[in-house]
Amino acid sequence: MSASGLDLKIADLTVVYGGVTALSNVNVTVPPGGFVSVLGANGAGKTTLVRSITSLLHLHKGRVRRGSIELGGKSILGKKSPEIVAAGVAQVPEGRKLFPNLTVKENLLCGAASRRDLGGIDESLEQNLELFPQLRPLLNQTAGLLSGGEQQMVAVGRALMSQPALLICDELSLGLAPKIVHRLFELLTEINQARGTSILVIEQNASLALEHAADAYVLELGRVLMEGTAAELRGNPMVQELYLGGGGEAHTSYAAIERPRGGGRRRRPAAGGAR
Amino acid sequence: MLLAFGNFTADPSVNLQLLIGGLALGAIYAVVALGFVLVYKSTDVLNLAHGEFLMLGAYFALTFLVSENLNFFLGVFVLLLVMLVFGLLVHYGIMRRMVGQGFFAIVLITLGIATIIRALLLIFYGPTERARLDLLPQGSFEIGGATVRHVDLIIFAVVAGCVLLFFAFFKYTRLGLHMRAVADDIEAAAAMGIDPDKVYAMTWAAAMVMAGLGGLLFGHVTGAIDRSIEAIGLRAFPAAVVGGLTSLGGSIVGGLVVGVIEQFANGHLGTKWREPVAFSVMFLVLLVRPTGLWGRKDLERV
Amino acid sequence: MTAVESSAARPEAHTYRPSAFQRILPFAIAAVVPFILGATTSDVSFWWKALITVIVLVAVARLAWKWTPRGELTHREDMRLWRTPSDRSWAAATTFGLLVLPFILASDFTPPMDFPWATWFAVVNLVLIFAMGAAAFNLLVGYSGQISLAHVAFLALGSIVGGIVGVQWSSGNMWLALPASAVAGAVVGAISGLPALRLKHLYLLLATFGFHFVMMLVWREYLQEYFGFVGIRFKGENSPRIASWLHWLPGIDPDQNGEFVITGQFRWYWVIMPITVLSILFMVNVVRTREGRAFAAVRDRDVSASLLGINVARSKLLAFAVSSAVVAMSGTLASFYIGSRGEDSFNVQTVLNYAIIIVVGGFSSIQGAIFGSAFFWFLPEWFKWAREELWLVRDIDFLSDYPSEIDLAIKGFLVVIILMFKPDGLAGMWRDLKAWLGRKLAGSQA
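Chains as they are written, first to last, in our numbering: chain F, 3 to 277; chain Y, 16 to 317; chain G, 4 to 449.
Chain F on its own, in the form it takes in the complex:
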């Protein structure tokens, strides 16, 4: 078991999909054993950030144009995703992305794909079941048939199977009951403190993320808008307005975020055509 977490340094990262820039000059740092969260609305570039770290951009026809990503001082940019997982990065993908036709046990075992110490896999499985005792009776169930909360537990467990030095959770709260999400975040804090695993949480649910994380970044339209400790950001009036639902001015503020994009072409009535 790699006891201590590794630090992640993202510097000047610019990512494009075709001609569209999804991230520009993003700097994010996760200290070793740290708990960092990245906040942002839809389309802010959060998932793109995860894909850049785990080298899955090419599956979506995106590429890194500039910048560097370092894990524990070594560059992981341009490596293939199996190498990155082997280097210690595990992720809980957005929307869980379990293997629906595989059983829970098989799903968990897939998480250990990068491990070379075959003997230790059973031990990790047992650890996971202690962490999520609810999963024990479900081990031979097909994963696609589980409830959302159970699926998310399997997804977290699956990521932990690789004994990561850095755990990335993308939209952990998506579509889940608040109670389950709270429990999951408590578990993450526990893992962070007990095992020293560095954790990067990508979240839309800002209040929850700021409650558990030590540092936080706010991403908007592909740029880092703000950064600081979680306490600082919780106190920031703009964050309160935009992400914590405080204040009465939410409407005007959202209008600023969702400013019209593209729209160069004039729309015309749909008449005409072949005559």
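Take the hints with a grain of salt, since some may be wrong.
Partner residues aside, some chain G positions facing chain Y, computed with beta carbon under 7 Å [what the hints assert, rightly or not]:
no. : residue
1   : Leu102
2   : Gly213
3   : Val362
Listed next, the in silico BS3-like pairs over lysine-lysine satisfying Cα-Cα at most 27 Å (straight line) [unchecked claim]:
no. : chain 1 : residue 1 : chain 2 : residue 2
4   : F       : Lys11     : F       : Lys82
5   : G       : Lys425    : Y       : Lys213
6   : F       : Lys81     : Y       : Lys213
7   : G       : Lys203    : F       : Lys63
8   : F       : Lys81     : G       : Lys425
9   : F       : Lys99     : Y       : Lys186
10  : F       : Lys76     : Y       : Lys213
11  : F       : Lys99     : Y       : Lys213
Derived from the structure by calculation, the hints contain no laboratory data.
Just so you know, these numbers come straight off a predicted model, no measurement behind them.
Backbone N, C-alpha and C fix where the C-beta goes; we use that ideal spot for every residue, glycine too.
Start from chain F and add chains Y and G according to the hints.
Same frame as chain F, now just chains Y and G:
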């Protein structure tokens, strides 16, 4: 009603012979269908070149076992090894770049591969047909007035063995698990540290080895070895689909069912009905169960 | 494209609206000059005519470019098929080229190194027929996203209708057979499209492939019932002819027996070219209509399309019907042009050939069908010439030993290479070239 048009006969021995012929044909279909299923199950590619792969196997069998006259087991080993290399070549040379492309583009590229194999075989082996292989035992015995060839039994055994082998492989080995994971969700698999590239390469290699085996077996039962034997690839489609393209066991049952139906259509209605009847059966199965009898049903997210 | 946008952005290019005369003139020149060139007999040498041809070609393209409405456009102007200067320029040049081509090919010019001039005419005609069929295929597969391998089945249907109407009922009435096969194609096409309402992707592909085999059975049964193993003869007494009451038309000189039979490449060209051009224009226009946009919506996501109020079933069936009607028509036309159709005229290799055409030309673009078809028919001719005449190449025995096999291999490799590296095929390369040229032109003007 349809049967009234043909020379329908109620003679049990004739029907028994048709049944046995159908099962023998079905076993061949099952070999081919297994190749389709293998590739489709883990790479989501409908490989229209599988008939050509099989033809390649049959011609290589000619080269290694007849022209070079190697020892049977050594020859088969060399044949399968060469096919394995070709499988890796297909993946690393071509299919690797097609991951993520549209479904029809991938179907078309397999058609392109089929065309290349056809052309190259024509260039290197010429258009003249060769006698079929006779390396497996050629005898036969009788049951209830119908003849059973030894070759058919061997084919049966080989197919059943392969299915069991693949089944065990997918269920109990780490690589098999990873193959199923990639088939389920390639992105999630990659995120877990499974290398889809490696998995796909293994799949193509396995499919090619199956095709080599299939070519070797089919070379024993076809009329003659020439470039028309690639048609077996198309004719095995209904078998693969009836069984469900994601089910290993389904491919064997589908093969046998379609083989028997074809033989009966052939015997009672005439040769020209063979393909239309097989494809009509496939069509009916698709209408009732769009993913085949044992196929996996994927939920479509909207 | 780029050139157009940048010229529209230039300040001096405010609203410009040419007169009706200016709009028509380039096309009028393009339509008339070829016939004048064709009518002048051999007292003017080939090279002079070639020079005039090139000058006129450049002139009409240039004029059509210049006299294009730009700036603030009315809705009507904006919805035109040829809207931008480059569109109009290409349209004028193509019109001229299509009309002048048969006169060039029919001239008794012998190119150097025995370049296969004579066979080119036949190839051009085949290109046109196949382009029509392939474009219809692309309409179905590319624009509507309905995957089908039943394409060749409709070619066979076209031959059957041609056989019934143009051979059995009358001898050589292709003029009736063509609309009849379009109707038959539309009806059978809609029926063959029924599985598309329930099946998708792979399973739809297989279902349509099943339809292919059923149609092949029908074709063989039909042949054996009425024609035997020789196949249908569309030549000789069954060749289409122009009715005597139309002989007053210009350019129609009846033969000595008082008939005007469509035979020979030159006459066929004037039959095939308008049919192909009209049906391709028809399909291009279908794509621009409300129905055409519905095709695209259904292709992209049929559930969302249905939520927008698009009748998905209707849209899918319509796509099948339109495509199949045009394919069946091209099948009839091909039957009469080629002259005979037998048991082995349609097979899996034919399916493959159409696949090659649409891939090489450019997947899912109607323009690509034309490129692909041209490439498919010109490559063997060119390769044959290269094998026999081209310096160095003619010395490679290997090439002349296996001509057709190497043709096949080249086509296969091209399909693979194009799909791997340039999925939008020749049409895509053409677009890139135009964009590059446009940038160059815009750059030099700025």
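Hint by hint, here is what the structure shows:
Among the interface hints, the one on Leu102(G) is violated; its C-beta lies about 35 Å from the nearest C-beta in chain Y, farther than the 7 Å criterion. At its closest, the beta carbon of Gly213(G) sits 3 Å from a beta carbon of chain Y; the interface hint therefore holds under the 7 Å criterion. Restraint check, Val362(G) versus chain Y: the minimum CB separation of about 5 Å is within 7 Å; hint holds. Restraint check for Lys11(F) and Lys82(F): satisfied, since their Cα atoms lie roughly 18 Å apart, inside the 27 Å limit.
Proposed proximity of Lys425(G) and Lys213(Y) is supported: the alpha carbons are some 25 Å apart, at most 27 Å. Restraint check for Lys81(F) and Lys213(Y): satisfied, since their Cα atoms lie roughly 15 Å apart, inside the 27 Å limit. Distance check on the hinted pair: Lys203(G) and Lys63(F) sit about 25 Å apart at the alpha-carbon level, within 27 Å; holds. Proximity of Lys81(F) to Lys425(G) is assessed by CA-CA distance (about 26 Å); at most 27 Å being required, the pair is judged to hold.
Among the hinted pairs, Lys99(F) with Lys186(Y) is consistent with the structure: their alpha-carbon atoms are about 21 Å apart, no more than 27 Å. With a CA separation close to 25 Å, the supplied pair Lys76(F) and Lys213(Y) stays within the 27 Å bound. With a C-alpha separation of about 21 Å, the suggested pair Lys99(F) and Lys213(Y) falls inside the 27 Å cut-off, and the hint holds.
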